[in-house]
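Residues per chain, in single letters:
Protein chains: 2
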Amino acid sequence: MKKISLLGSTGSIGRQTLDIAAAHPDKIKVIGLAAGGKTLPLLADQVRIFQPELVSVPKEEDVPRLKDLLEKRGDGTSTKTKITFGETGLVEVATISGIDTLVTGVVGFLGVKPTYEALKLGTTVALANKETLVAAGSVIMPLARKHGAKIVPVDSEHSAIFQSLSGYTPADIECILLTGSGGPFRTWTKDQIRFATVDDALQHPNWSMGPKITIDSATMMNKGLEIIEARWLFDLPVEKIHVVLHAQSILHSAVQFVDGSVIGQLGMPDMRLPIHYALFHPDRIATQRVPRLNLAEIGQLSFEEPDYDKFRCLKIAKEVAREDTTLACVLNAANEVIVQAFLNGSINFHTIPDYIKRVLDRHAAQSNPTLEDILEADKWARKEALALVEGKSAVRQAPRR
Amino acid sequence: MKKISLLGSTGSIGRQTLDIAAAHPDKIKVIGLAAGGKTLPLLADQVRIFQPELVSVPKEEDVPRLKDLLEKRGDGTSTKTKITFGETGLVEVATISGIDTLVTGVVGFLGVKPTYEALKLGTTVALANKETLVAAGSVIMPLARKHGAKIVPVDSEHSAIFQSLSGYTPADIECILLTGSGGPFRTWTKDQIRFATVDDALQHPNWSMGPKITIDSATMMNKGLEIIEARWLFDLPVEKIHVVLHAQSILHSAVQFVDGSVIGQLGMPDMRLPIHYALFHPDRIATQRVPRLNLAEIGQLSFEEPDYDKFRCLKIAKEVAREDTTLACVLNAANEVIVQAFLNGSINFHTIPDYIKRVLDRHAAQSNPTLEDILEADKWARKEALALVEGKSAVRQAPRR
Chain R
524 MKKISLLGST
534 GSIGRQTLDI
544 AAAHPDKIKV
554 IGLAAGGKTL
564 PLLADQVRIF
574 QPELVSVPKE
584 EDVPRLKDLL
594 EKRGDGTSTK
604 TKITFGETGL
614 VEVATISGID
624 TLVTGVVGFL
634 GVKPTYEALK
644 LGTTVALANK
654 ETLVAAGSVI
664 MPLARKHGAK
674 IVPVDSEHSA
684 IFQSLSGYTP
694 ADIECILLTG
704 SGGPFRTWTK
714 DQIRFATVDD
724 ALQHPNWSMG
734 PKITIDSATM
744 MNKGLEIIEA
754 RWLFDLPVEK
764 IHVVLHAQSI
774 LHSAVQFVDG
784 SVIGQLGMPD
794 MRLPIHYALF
804 HPDRIATQRV
814 PRLNLAEIGQ
824 LSFEEPDYDK
834 FRCLKIAKEV
844 AREDTTLACV
854 LNAANEVIVQ
864 AFLNGSINFH
874 TIPDYIKRVL
884 DRHAAQSNPT
894 LEDILEADKW
904 ARKEALALVE
914 GKSAVRQAPR
924 R
Chain S
524 MKKISLLGST
534 GSIGRQTLDI
544 AAAHPDKIKV
554 IGLAAGGKTL
564 PLLADQVRIF
574 QPELVSVPKE
584 EDVPRLKDLL
594 EKRGDGTSTK
604 TKITFGETGL
614 VEVATISGID
624 TLVTGVVGFL
634 GVKPTYEALK
644 LGTTVALANK
654 ETLVAAGSVI
664 MPLARKHGAK
674 IVPVDSEHSA
684 IFQSLSGYTP
694 ADIECILLTG
704 SGGPFRTWTK
714 DQIRFATVDD
724 ALQHPNWSMG
734 PKITIDSATM
744 MNKGLEIIEA
754 RWLFDLPVEK
764 IHVVLHAQSI
774 LHSAVQFVDG
784 SVIGQLGMPD
794 MRLPIHYALF
804 HPDRIATQRV
814 PRLNLAEIGQ
824 LSFEEPDYDK
834 FRCLKIAKEV
844 AREDTTLACV
854 LNAANEVIVQ
864 AFLNGSINFH
874 TIPDYIKRVL
884 DRHAAQSNPT
894 LEDILEADKW
904 ARKEALALVE
914 GKSAVRQAPR
924 R
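Protein chains in written order, with the working numbering: chain R, 524 to 924; chain S, 524 to 924.
Chain R extracted, bound-state conformation:
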C-alpha cells in the first residue's frame, strides 16, 4: 500500500491522479489533499471519498467553508480529516508522516516550497509541477540526492525519457529528443501569429490542459521550460537536449544512446499514462484506464525542426537554460505574469517574448542561488513583469500604427 499526498487535487493532474487512486484502493491510500479555492465543493467530495488525514485550502476563510460543505453534504464519516490552509498548509500536506509519494499537481511557483520540504524527508516526488525544477533546479536536485529522494516526472515528455532510460545511466546518453506538438501555431506564419486571439491560442491540437500551460504550448515556452526541467532531471548539458516538433504527440520523447540506438516512449496523448506510471514506479501495474495506441489507425507520425525565429519564447528559454543562475526563475515568473496578462486581454500574443526579454534584461542574475535567493528573484520578476504589462495596458488604449 502506497501512501500518497496530492497537491492540486482539484486541477487536471489532481483529478486524474485521484481517478487512478480510486481504481486501485488496494495499492494506493490518499492521506493528504490540497486544492485551489474556487473548487471547494469538488474538494469536499474528494475528502468524503478518500478520507485523507489532512486537507489544505488556500485561505483561512476557506476552512469554515469547507467544514460547512463537509457537514452539509457529508455522511459524518469524514470528520476525522483535519483542515489546514495557505502555504504552510501545503507544506503540512506535503510532509505528513509516512508519505511514500508526494504528487505535486499545482501549477506555478507554489510547488517549490512543499516539494523542497518533502524531499528533505526523503519522500519520492511525482513531479507534475515543472516550475519547481525550472526555478529551483540548482537547489532541488542536490537536495534530492543528499536525502536519497527520488523525483519521478509526470510531464509526459520527461516521463517518456525517464521510462526510456530504464536500466541505463546518464553516462549512456548521447542526447535526448524532446518532442513537442508545436501547439496551435505550428503551421501559422509569423504574420498570422501577430493577430492571434486568446481563443486561437487556447486551441491545443492534442492535449487538454489548463489555460496557462496551453498558452505556454502556443508560445512554445512550455518546451523551453521543459528543456530546463530536463537539464536538471537528467543532469544533461543543454547541447544534449534536442527539440523535435511532432504534430501528433504520439512519440512522447526519446533517448539517443552513445551506441546510436534510440529508445522512445509512445502512447496516446493522455496524462493518465504518465501519472499512472509515476504513481506505481518502479512497477508497471496493469490498467485499462489508459487508452491504447493503435499505430495503424493513426497512420502517420511527422517530425520537423522547430522554427526558433517564429517561436521566440523557445529561443529565449534555450538561452536561459545554459545559465546556472536566478535567470531561469525570473523567466518562469515573468512568463506566468505575462501569460496571465495575455489571457486577460491586456497584451497581444506576439509581444509575450518581448515582455519576457525585457524582464530578463533588467535582472541582475545571481550565481549559485539559495532557495531564498530564488524566492526573492521570483518576487522581483513578478513585480517587474506586472509593472511592464500594466504600463503597456495603459498605452494599449492609444491608437496603434
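It does not matter which identical chain is meant; a pair holds if it fits inside one copy or across any two.
Using 20 Å as the maximum straight-line C-alpha spacing, the simulated SDA-like pairs for lysine to any residue come out as follows:
1) 763 <-> 693
2) 605 <-> 586
3) 735 <-> 880
4) 763 <-> 816
5) 763 <-> 817
6) 550 <-> 809
7) 561 <-> 733
8) 838 <-> 712
9) 763 <-> 819
10) 763 <-> 814
Since the hints were derived computationally from the structure, they do not count as laboratory data.
Keeping the supplied structure of chain R fixed, place chain S upon it in accordance with the hints.
Same frame as chain R, but now just chain S:
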C-alpha cells in the same frame, strides 16, 4: 575482453560483426571463424587480420585451398590458426573453450546444431540465425534456460524488443508491436504481384540483405518467421504479437506494457546497430559506426495493418506459429527450398505460398519434438518441397490457362 566465435563470417552479418570487432580491439577478441565455401579468399583475409584459434570451411577439400591462400598471401603470422571443416567444424568453432559470445550469422537450418552445442556450455549466443528458433525453439529455449545461457537477438526487430524490455519482465508485456516494411510489394496489388519477377522481389526498399531473406521480405514470410522467433524468444502467445507495417523501417519494433505505455527502439535501417548492441550487451558502448537517426530529416513515419490476403505467407506462418510441433520446422525448410526455386526461375512468385501450404498439409506434425525429430522433419520437408517444385518445373513448360 570478450572472446567471440563467429559463424558465417563472410556473409553480411559476419562482415559487419568483424567490422565492429576491428573497431574495438581492446574489447573483442575473435577466437573462431566459420564461413561459406565460395568466399575462401575473403575468409583468408579475415584469418590473417583476426588470427583466430580455429577456422572452419564447408568441405574437406576447402582445407588445403584455405591453407594455400594463407601461405600464398600471408605473412606467416596466421599459421597458428587450426583449420577444420563441415558441420562438425561449425560445432567445433561454436564450442571453443573460453568463448563468451557465439555470433550465429549463418543463414538457414545450418545454425541449429552449433547453437545447440554452444548453449549447452552456457555460452551467450548473439542470434542472427532466426531459423534456429523458428525450427527448434521448443528445444532451444528450455536448453538455454537449463544452462543459464543468454540469447541476445541480432534481428533488428527482436533486438528492438529486447532493448525495449530492458529493466522489465515478460509479465509486464501486454503485447509486442512487430514492425515490418512490407517489402517491395507493400503498395502492389495482388494482380500486380502475380507477374512479379525475381528482380522485382529483390528490390528491398530499406534493407540491404542476402537474396533469400530479401525474397522472404517480399512474401512477408520473413515477418511470419519473426513472429515464431519472437514467440520463443520472449515467451509470448501468438495473440500478443501484432504485426504493423511501417514502410520506413525506423521504429524497429516496440513493446506495449500492461499499463498502456509503449516503449520502442528507433534507428536508421542498419544492421550494425543490433550487431553492436548484441556484442556488447548488457553495456552500451559508444560508437560512431552506427549512423544517427534524424527524425526531422526523415519527416514522416507511416503505419498500416498488413493485408493477410495479399501476403499469404504471413498468414500461413501466423497459423503455424500457434502450433507447438514440428510444423514450424517444416515451414522453414519448405520455404528455403521453394524460395530457392523462385530465385532459380523455376516457379512464379505468387505460387510460393501454395507450395508451402502443400508441404505443410502433407506433414504429420509431431508434438514435443526432440532435436532429432526436428532434424528429421527438416530433411523430410526439403525433400518434399524439392519434389513438388521439380514436378512443377516440368509442368511449367505446358501452356497455362
